[in-house]
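S.K.: Given the coordinates of chain A, work out where chain B should sit on it, guided by the hints.
Here is what each chain is made of, one letter per residue.
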Amino acid sequence: MEFLTVLASDFISTLKDVVPIAVIIFGFQLLVIRKAITNLKKVLIGFFYVLVGLTLFLQGLEQALFPLGKLMAAQLTDPAFIYNGMASVPTIIHWQDYMWVYIFAAAIGFSTTIAEPSLLAVAIKAEEVSGGAISVWGLRIAVALGVAAGIALGTFRIITGTPLQYYIMVGYVVVIIQTFYAPKMIIALAYDSGGVTTSTVTVPLVAALGLGLASTVPGRSPLLDGFGLIAFASLFPIMSVMAYAQLSEWRVLKKQIKSEDR
Amino acid sequence: MKAQFSIFLRYFLSSARDLASIIAVIAFFQLIVLQQPIPNVGEILGGVLLVMLGLTFFIRGLEMGLFPIGESMAYAFARKGSVFWLLLFAFSLGFGTTVAEPALIAVAQEAASVAAVGGVIEETEMAMSRYAAGLRYTVAISVGFAIVLGVLRILKGWPIHYLIIAGYMGVVLMTTIAPKEIIGIAYDSGGVTTSTITVPLVTALGVGLASSIKGRNPMTDGFGLIAFASLTPMIFVMAYGMMF
Numbered sequence: 010m011e012f013l014t015v016l017a018s019d020f021i022s023t024l025k026d027v028v029p030i031a032v033i034i035f036g037f038q039l040l041v042i043r044k045a046i047t048n049l050k051k052v053l054i055g056f057f058y059v060l061v062g063l064t065l066f067l068q069g070l071e072q073a074l075f076p077l078g079k080l081m082a083a084q085l086t087d088p089a090f091i092y093n094g095m096a097s098v099p100t101i102i103h104w105q106d107y108m109w110v111y112i113f114a115a116a117i118g119f120s121t122t123i124a125e126p127s128l129l130a131v132a133i134k135a136e137e138v139s140g141g142a143i144s145v146w147g148l149r150i151a152v153a154l155g156v157a158a159g160i161a162l163g164t165f166r167i168i169t170g171t172p173l174q175y176y177i178m179v180g181y182v183v184v185i186i187q188t189f190y191a192p193k194m195i196i197a198l199a200y201d202s203g204g205v206t207t208s209t210v211t212v213p214l215v216a217a218l219g220l221g222l223a224s225t226v227p228g229r230s231p232l233l234d235g236f237g238l239i240a241f242a243s244l245f246p247i248m249s250v251m252a253y254a255q256l257s258e259w260r261v262l263k264k265q266i267k268s269e270d271r
Numbered sequence: 015m016k017a018q019f020s021i022f023l024r025y026f027l028s029s030a031r032d033l034a035s036i037i038a039v040i041a042f043f044q045l046i047v048l049q050q051p052i053p054n055v056g057e058i059l060g061g062v063l064l065v066m067l068g069l070t071f072f073i074r075g076l077e078m079g080l081f082p083i084g085e086s087m088a089y090a091f092a093r094k095g096s097v098f099w100l101l102l103f104a105f106s107l108g109f110g111t112t113v114a115e116p117a118l119i120a121v122a123q124e125a126a127s128v129a130a131v132g133g134v135i136e137e138t139e140m141a142m143s144r145y146a147a148g149l150r151y152t153v154a155i156s157v158g159f160a161i162v163l164g165v166l167r168i169l170k171g172w173p174i175h176y177l178i179i180a181g182y183m184g185v186v187l188m189t190t191i192a193p194k195e196i197i198g199i200a201y202d203s204g205g206v207t208t209s210t211i212t213v214p215l216v217t218a219l220g221v222g223l224a225s226s227i228k229g230r231n232p233m234t235d236g237f238g239l240i241a242f243a244s245l246t247p248m249i250f251v252m253a254y255g256m257m258f
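Chains A and B supply the protein sequences, listed in that same order.
Everything in the first sequence is counted per this note's numbering, starting at 10 for the first residue and increasing by one.
Everything in the second sequence is counted per this note's numbering, starting at 15 for the first residue and increasing by one.
So that you can see chain A by itself, here it is in the shape it has in the complex (with noise of 0.2 Å):
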């Protein structure tokens, strides 16, 4: 019983992020273009199995994921785990020490990512678009290995107490000069890539992990350093989606001259 009200109330959570949505389609539709829907009865049912979806998606994560993600974030911070073994919580902190908050940072970015629906709907326009030359799963490995290392460093950063806008800005630099190195069709992909990361799965578990950090390691405080983990999960996954592409462009360069050289 309990189960089934929370499951409503996940629906009419979802349903209130879909009405807007809806009233603005068929809205235009029915006053601006002024034709009907093809498929109207198709594109409903879509509609409804996206809001069932989403609804059993999300319970399903709070029911299993979030909790346990959360915990674990709260374990592997705290300083008791961290300075197993030693007498006392030292005053002055090893980044060093940290080791095993960054391998778990880099591991629930990567696998957080892999689940990311966004990301998916993202991944399967553009292996249609361009023709199969980019493949779903191409990309959402480029883009996962790009959240892992983003918010392991993230990590690294609340750990340290670094100002969050120099790690940003180096980022910007580097995404500039690869942008005119890489392939051209993969730029606006990869820029968007950016932004459909950092969604339904991987901000709770992200902010959870941030948030623990910042409240427990010593001299942060959560209000000020706990934020910053999404930033660099937005960022990274550009980087290595253009790294992905100038890979798979060269790996074809080097097979022509190869071949040439016969």
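Calculated from the structure, these hints are not laboratory results.
Positions of the beta carbon are idealized from the N, C-alpha and C atoms, including for glycine.
Warning: the hint list may mix true and false statements.
[Claimed, not checked] Covered by chain A, per the in silico footprint, the following chain B stretches (three or more residues, Cβ under 8 Å):
1) 56 to 66
2) 101 to 115
3) 138 to 152
4) 208 to 220
5) 232 to 245
M.R.: Just chain B now, kept in the frame of chain A:
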């Protein structure tokens, strides 16, 4: 019926594969690194099953509903040829999908408490909720503006990187003059604005527009709307932080 079922089964299996890595990571850290048993195994397995079912329905729904409607509307606007209505649609889509976004509401509330602790606003319920609401509308307007800019780019065929580089410069410039407390939140707000329903719709719109306009390539011109939508909120939120 049977064909429908086999499509669902295929999606279901691929959702299972998508989730396998999360489960592996959590199990490894819980059992080997933290050396603790996994609590409520039954409930967790039930939850994982729900996530897989949910992902399956979501992807099927995307292909039946969100993708086709996004594209067909892009074609219809391109045929109609009215730039005004297209841009109005773009703005409504960006604004409407962002203003109700739960992740944004959560971030706005946290931002309000940061501002209250930092002494920027009064530490009262009312001042904080007013600050949060203002921030939410600021972000929603900025996303609406971003989609308009992105659609204009597709219409005119401007190369994306100049606009993005200009945006980066805007972010850097704002960072140097904005209050320090707001920077972390502003940078994060770029990532949280684009929801799971917005992304497919906006992507379909962009790709649909680029493929229906002569001389535009859906691959180089169709993408990029999301990029704007995650860049402009950073600038707008820092501007909002400076007003107090």
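S.K.: Determine for every hint whether it applies to the structure shown.
M.R.: To see whether the hints hold, each was checked on the structure:
For the region 56 to 66 of chain B, the stated coverage by chain A holds: 10 residues have a C-beta nearer than 8 Å to a C-beta of that chain, and at least 3 were required. Only when three residues or more bring their CB closer than 8 Å to a CB of chain A does the claim for the region 101 to 115 of chain B stand; here the count is 8, and the claim holds. Counting residues of the region 138 to 152 of chain B whose beta carbon lies closer than 8 Å to any beta carbon of chain A gives 0, which falls short of the minimum of three for the stated coverage. Under the rule that three or more residues need a Cβ within less than 8 Å of chain A, the assignment of the region 208 to 220 of chain B holds, with 10 such residues.
Counting residues of the region 232 to 245 of chain B whose C-beta sits closer than 8 Å to any C-beta of chain A gives 12, which meets the bar of three, so the coverage hint holds.
Violation of the numbered hints given earlier is confined to hint 3; every other hint is satisfied by the structure.
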